[in-house]
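Participant: Letter by letter, the chains look like this.
2 protein chains.
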Amino acid sequence: MRCFHLTVAYDGTAFFGWQWQPDRRTVQGAIEEAIYRVTGERLRIVGSGRTDTGVHAHGQAASFRSATDLEAHVLLRALNANLPADVRIVASREAAADFCALRQSTGKRYRYLIHNAEIPDVFLQNRAWFVYDPLDVEAMNAAAQGLHGRHDFKSYETSGSPRVDTCRTLRDLTVRRSVDEDARSLVSIEVEADGFLYNMVRNLVGTLVEVGRGKRPIEWPAEILPARDRRLAGPTAPAHGLYMLRAFFPPTP
Amino acid sequence: MRCFHLTVAYDGTAFFGWQWQPDRRTVQGAIEEAIYRVTGERLRIVGSGRTDTGVHAHGQAASFRSATDLEAHVLLRALNANLPADVRIVASREAAADFCALRQSTGKRYRYLIHNAEIPDVFLQNRAWFVYDPLDVEAMNAAAQGLHGRHDFKSYETSGSPRVDTCRTLRDLTVRRSVDEDARSLVSIEVEADGFLYNMVRNLVGTLVEVGRGKRPIEWPAEILPARDRRLAGPTAPAHGLYMLRAFFPPTP
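Just so you know, the sequences run in chain order U and B. The numbering of the first sequence is the working numbering, which starts it at 1 and goes up by one. The numbering of the second sequence is the working numbering, which starts it at 1 and goes up by one.
Derived by calculation from the structure, the hints in this document are not laboratory data. Any given hint could turn out to be false.
[As the list claims (entries may be wrong)] Part of the chain U face toward chain B, derived, beta carbon under 10 Å:
hint, residue
1, D52
2, H58
3, I224
[What the hints assert, rightly or not] Which stretches of chain B does chain U cover? Using the computed rule of at least three CB atoms under 8 Å from a CB of chain U, they are:
hint, region
4, 6-13
5, 75-88
6, 158-171
Note that the Cβ used here is the ideal one computed from N, Cα and C, for glycine as well.
With the rest of the complex left out, here is chain U (with noise of 0.2 Å):
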């Protein structure tokens, strides 16, 4: 058996998130599909991280085992000619035989995209948090900086799927405002970590946007973190505003 490690880029909106349920649109779903009308294996493959309904991705990583002959670039193409349109393999490399995309990733990273205009933008509709109040992007970032660092995130965890272990490493967390061509303000929030909680990206943004709106004070998001209650947070920013980026791994020899 072979191992291969895919990058997968998918928007989200049409999904009911990457893991795979019975009678339901998944990622992970219509990957398995495409493998077996490439291979004719029914197979399980591992994302590095489950996403939710309407979460987007431009790398996503997954790892599955094959006894296919085929090379990872014909793979590649053999796969994306078999998948909707909305999900496109964008990277495939044979890994070691034990590489697996959940325990292996040493991180991960994610974007958290808003629009914040007076009036929503068609093409940005499942694609960013729309936000009318003017966010506050420099007092944002100050914020952010008070979160780097090795924390107890309980705080920014949604219960449901509780982590024994609620420390994490934020490698970066930075708040910025940008125009694009078509000249939308967008608000992008980047954050990397050595891993993340239940929905912790969704739960910082939220929570910086209320010091962006001028409710909270610049020293609010950290502040909260010694009490390790989700409560003392702000609300979850909606899913459609979120990309994963990239998962990161050890370097191979």
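Add chain B to chain U, keeping to what the hints say.
Facilitator: Okay, now just chain B, sitting in the frame of chain U:
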């Protein structure tokens, strides 16, 4: 009766074009329905140009006469509250009583977007024409320069809705490559003229792409003008890469 001038943005993916049709979801029909809900009036609006199924707009212009007492900015908010999320009124103003978005337009500007890459981008699915062959954008832009000015564009008119006078003045036709934030390689073609023949932008784009692929010389798009024969030009580029950017009107006194 008062006259209103609306500026309209829409994602054309789920519409059967601009123009009202019985039992079809059209942009005109959606706006007329919203006007009915807001003012109680069953009326017809006039667009500065019809767009086909799948074509998008950042700034389509429309006009209509109404007995409403609402101020233009209140009307904007009321219409948006009654429109589906893939259509937005982005500007609204009261115009002179005889204003007509179709007859008084002095020109229009469009953008055509090509995604030029090895793998289609899931987020550009219905938003850009995917072209796999590497395009020579400098050659395309050089070819475009040869079309500037006043010419008979009958070679670029799809039959079906023929104009008597097929002369138009191209004020701008520029091809450039841009790499966006997500490192996507986009080719953007912007074109402005005093008016357009049926499918003229898409026929110009399809022709310039033949030059970009190296199949035709830079001089070719201008050389085929005198023949006034559609069969000599390149194929019609698909609708979903086309965006109406704006319509121009004489300055109001």
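Participant: Against this structure, judge whether each hint is valid.
Facilitator: Evaluated hints:
Given hint, D52/U at the interface with chain B, is violated; its Cβ is 17 Å from that chain's nearest Cβ, farther than 10 Å. Against a cut-off of 10 Å between C-beta atoms, the interface hint on H58/U holds, since the closest Cβ of chain B lies about 6 Å away. The interface hint given for I224/U is violated, since its Cβ lies 31 Å from the closest Cβ of chain B, which is over the 10 Å cut-off. Here the region 6-13 of chain B counts 3 residues with a CB under 8 Å from a CB of chain U, which clears the bar of 3, and the coverage holds.
Counting residues of the region 75-88 of chain B whose CB lies closer than 8 Å to any CB of chain U gives 5, so the stated coverage by that chain holds, three being the minimum. Against chain U, the region 158-171 of chain B contributes 0 residues with a C-beta closer than 8 Å to a partner C-beta. That does not satisfy the three-residue criterion, and the hint is violated.
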